[in-house]
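Protein chains in written order, with UniProt numbering: chain A, 1 to 245; chain B, 1 to 245.
FYI, nobody ran anything at the bench for these hints, they're computed from the structure. Cβ coordinates follow ideal geometry from the N, Cα and C atoms, glycine included. Be aware that a few hints might be false.
If you want the footprint, here are the derived chain A segments under chain B, 3+ residues with CB under 8 angstroms [as the list claims (entries may be wrong)]:
hint: 1; segment: 81-88
hint: 2; segment: 165-172
Below are the BS3-like pairs computed for lysine-lysine, each with C-alpha atoms no more than 30 angstroms apart in a straight line [what the hints assert, rightly or not]:
hint: 3; chain 1: B; residue 1: Lys-3; chain 2: A; residue 2: Lys-244
hint: 4; chain 1: A; residue 1: Lys-233; chain 2: B; residue 2: Lys-71
hint: 5; chain 1: B; residue 1: Lys-99; chain 2: A; residue 2: Lys-99
hint: 6; chain 1: A; residue 1: Lys-233; chain 2: B; residue 2: Lys-99
hint: 7; chain 1: A; residue 1: Lys-23; chain 2: B; residue 2: Lys-27
hint: 8; chain 1: A; residue 1: Lys-49; chain 2: B; residue 2: Lys-99
hint: 9; chain 1: B; residue 1: Lys-23; chain 2: A; residue 2: Lys-23
hint: 10; chain 1: B; residue 1: Lys-71; chain 2: A; residue 2: Lys-27
hint: 11; chain 1: A; residue 1: Lys-23; chain 2: A; residue 2: Lys-71
hint: 12; chain 1: B; residue 1: Lys-214; chain 2: B; residue 2: Lys-244
hint: 13; chain 1: B; residue 1: Lys-99; chain 2: B; residue 2: Lys-71
hint: 14; chain 1: B; residue 1: Lys-233; chain 2: A; residue 2: Lys-23
hint: 15; chain 1: A; residue 1: Lys-23; chain 2: B; residue 2: Lys-183
hint: 16; chain 1: B; residue 1: Lys-148; chain 2: A; residue 2: Lys-147
hint: 17; chain 1: B; residue 1: Lys-99; chain 2: A; residue 2: Lys-23
hint: 18; chain 1: B; residue 1: Lys-214; chain 2: B; residue 2: Lys-169
hint: 19; chain 1: B; residue 1: Lys-169; chain 2: A; residue 2: Lys-244
hint: 20; chain 1: B; residue 1: Lys-23; chain 2: A; residue 2: Lys-27
hint: 21; chain 1: A; residue 1: Lys-147; chain 2: B; residue 2: Lys-183
hint: 22; chain 1: B; residue 1: Lys-3; chain 2: A; residue 2: Lys-99
Protein chains: 2
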Amino acid sequence: MGKITVIGIGPGSLDDMTLRAHKAIEKADTIAGYNTYIKLIEPLLAGKKIIGTGMMQEIDRCTMALAEACKGHDVAVVSSGDAGVYGMAGLVLELLLQKPAEERPQVAIIPGVSAVNAAAAILGAPLMHDFAVISLSDLLTPWDLIKKRAAFAAQGDFVIALYNPKSRKRVEHIEEIREILLKYKPANTPVGIVRGATRNNESVVISDLANFTKEEIDMFSLVIIGNSNTYSKNNLMITPRGYKL
Amino acid sequence: MGKITVIGIGPGSLDDMTLRAHKAIEKADTIAGYNTYIKLIEPLLAGKKIIGTGMMQEIDRCTMALAEACKGHDVAVVSSGDAGVYGMAGLVLELLLQKPAEERPQVAIIPGVSAVNAAAAILGAPLMHDFAVISLSDLLTPWDLIKKRAAFAAQGDFVIALYNPKSRKRVEHIEEIREILLKYKPANTPVGIVRGATRNNESVVISDLANFTKEEIDMFSLVIIGNSNTYSKNNLMITPRGYKL
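Put together the whole structure using the sequences plus the hints.
Here it is, written out as structure tokens:
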């Protein structure tokens, strides 16, 4: 029996991957991942068998990865950011538990730098206080539940990070969320948008709740909406922790 | 003028630090940090000037670090987990912005693997869906606001991660939070507790909302409370993303 390691490769650049992730990829003989992420770590893949598939083929990909591990291979399943945040860790474990105990390969999860932490570091320090992370993708989650969560997070004055804020087919959701947040947060609340954090095409905009949806936002963007204390100064977005300076 | 780099060193083990963090520490001539974290990275510090201070001396420490950078040094301020989550990134930037523009050294933030992501990887995959992060420390935040946030996060059916869940002086807060959460979440909701993630003394317990406060919990613990879909099986805590298997 082989093993399977689910690896968070971080936001994009090889430098933002942990040493543990680097070592696990080096040791593995088989790498499974979404083609876009496979490309990000190409320099590490020489001589390895690659199971690369397109978007929305997560179940197929993880099933193939498990099958390879059962055959005796050392398989790494790579996932961008942290594999445990909207990534592949949960799916691999769920598929594993469907097998009889004696047919399960060893599994380990290696955490990575989440997209939200990477985006925050680029914006300054917008995440310093209690925060909520919400994905706007309704492929696997009812839209009404997503809207409900946004409303409660706003009422709790959380800093709010939005994953998957907008896709080509899903352009109106971000507007709906903006309207919900405006019920509880002032229009001038700072909003940071980071596209392609640490990748070649990285871009950053700091806007506000009234206007941020006019900016370019896509599936590679991460949106961070401040709490009532967040401010923007000198192109930095900062949420004070509460120190008396 | 020198520079200051605020570095998330990850949960504890040197292997869980990013390459970018390793390189920045290597390059710096001066390292500032809480003594406990300085100890975690001791193998990297030979020949460097150390500004190590005790707990609750964050402002002094960051002020000294900035002063060194202004004198021309390459200063690294280290912070456990991600420096942008209850860490030193915000404080350093706030102190920086108090200086006249021409007296500000260059600043960069390097993100790290957050304690919550590290704890989640050890527990399985409890964080796979929308989550809220709340610190129970009321040193800098009014206790009523913390309780309010816990109530809204529970009503939004977020997975909830608690930082600083309990200290020697603050033993009743976690019980109050448990009672608030029990108003909105079932008593059998899985709760994971990870102490000293990736450090020598790492320990893990999976309990439930009714009983988790009977377990050992301290300032080095991270508590993760599931959402309505989270389950525990084979010592793994999993929040399904919603894939139909």
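Quick rundown of the hints versus the structure:
Figure legend: the segment 81-88 of chain A, annotated as covered by chain B; annotation consistent (6 residues with Cβ-Cβ distances under 8 angstroms, at least 3 required). Counting residues of the segment 165-172 of chain A whose C-beta sits closer than 8 angstroms to any C-beta of chain B gives 0, which falls short of three, so the coverage hint is violated. The hinted pair formed by Lys-3/B and Lys-244/A meets the criterion: a straight-line CA distance of about 24 angstroms does not exceed 30 angstroms. Pair hint Lys-233/A plus Lys-71/B holds up; C-alpha atoms about 24 angstroms apart against a cutoff of 30 angstroms.
A C-alpha spacing of about 60 angstroms is found between Lys-99/B and Lys-99/A, which places the hinted pair above 30 angstroms, so the restraint is violated. A hinted pair counts as satisfied when its Cα atoms are at most 30 angstroms apart, and Lys-233/A with Lys-99/B qualifies at roughly 13 angstroms. Restraint check for Lys-23/A and Lys-27/B: satisfied, since their Cα atoms lie roughly 22 angstroms apart, inside the 30 angstroms limit. As the CA atoms of Lys-49/A and Lys-99/B are separated by approximately 54 angstroms, the hinted pair breaks the 30 angstroms bound.
Distance restraint check for Lys-23/B and Lys-23/A: the Cα-Cα separation of roughly 17 angstroms lies within the 30 angstroms cut-off, and the hinted pair is therefore satisfied. Of the pairs offered as hints, the one joining Lys-71/B and Lys-27/A is violated, with about 44 angstroms between alpha carbons and a cut-off of 30 angstroms exceeded. Of the pairs offered as hints, the one joining Lys-23/A and Lys-71/A holds, with about 22 angstroms between alpha carbons and a cut-off of 30 angstroms not exceeded. Taken as a hint, the Lys-214/B and Lys-244/B pair is broken in the structure, with Cα atoms around 36 angstroms apart against an allowance of 30 angstroms.
For the proposed pair Lys-99/B and Lys-71/B, the alpha carbon gap of about 14 angstroms is at most 30 angstroms, so the pair holds. The suggested pairing of Lys-233/B with Lys-23/A holds, with an alpha-carbon distance near 29 angstroms, which does not exceed 30 angstroms. The suggested pairing of Lys-23/A with Lys-183/B is violated, with an alpha-carbon distance near 45 angstroms, which exceeds 30 angstroms. Restraint check for Lys-148/B and Lys-147/A: the C-alpha separation of about 19 angstroms stays at or below 30 angstroms, so the hint holds.
About 42 angstroms separates the Cα atoms of Lys-99/B and Lys-23/A, which puts this hinted pair outside 30 angstroms; it is violated. Distance check on the hinted pair: Lys-214/B and Lys-169/B sit about 17 angstroms apart at the alpha-carbon level, within 30 angstroms; holds. Distance restraint check for Lys-169/B and Lys-244/A: the Cα-Cα separation of roughly 22 angstroms lies within the 30 angstroms cut-off, and the hinted pair is therefore satisfied. With a C-alpha separation of about 22 angstroms, the suggested pair Lys-23/B and Lys-27/A falls inside the 30 angstroms cut-off, and the hint holds.
With a C-alpha separation of about 22 angstroms, the suggested pairing of Lys-147/A with Lys-183/B holds against the 30 angstroms cut-off. Restraint check: the Cα-Cα separation between Lys-3/B and Lys-99/A comes to about 53 angstroms, which exceeds 30 angstroms; the hinted pair is violated.
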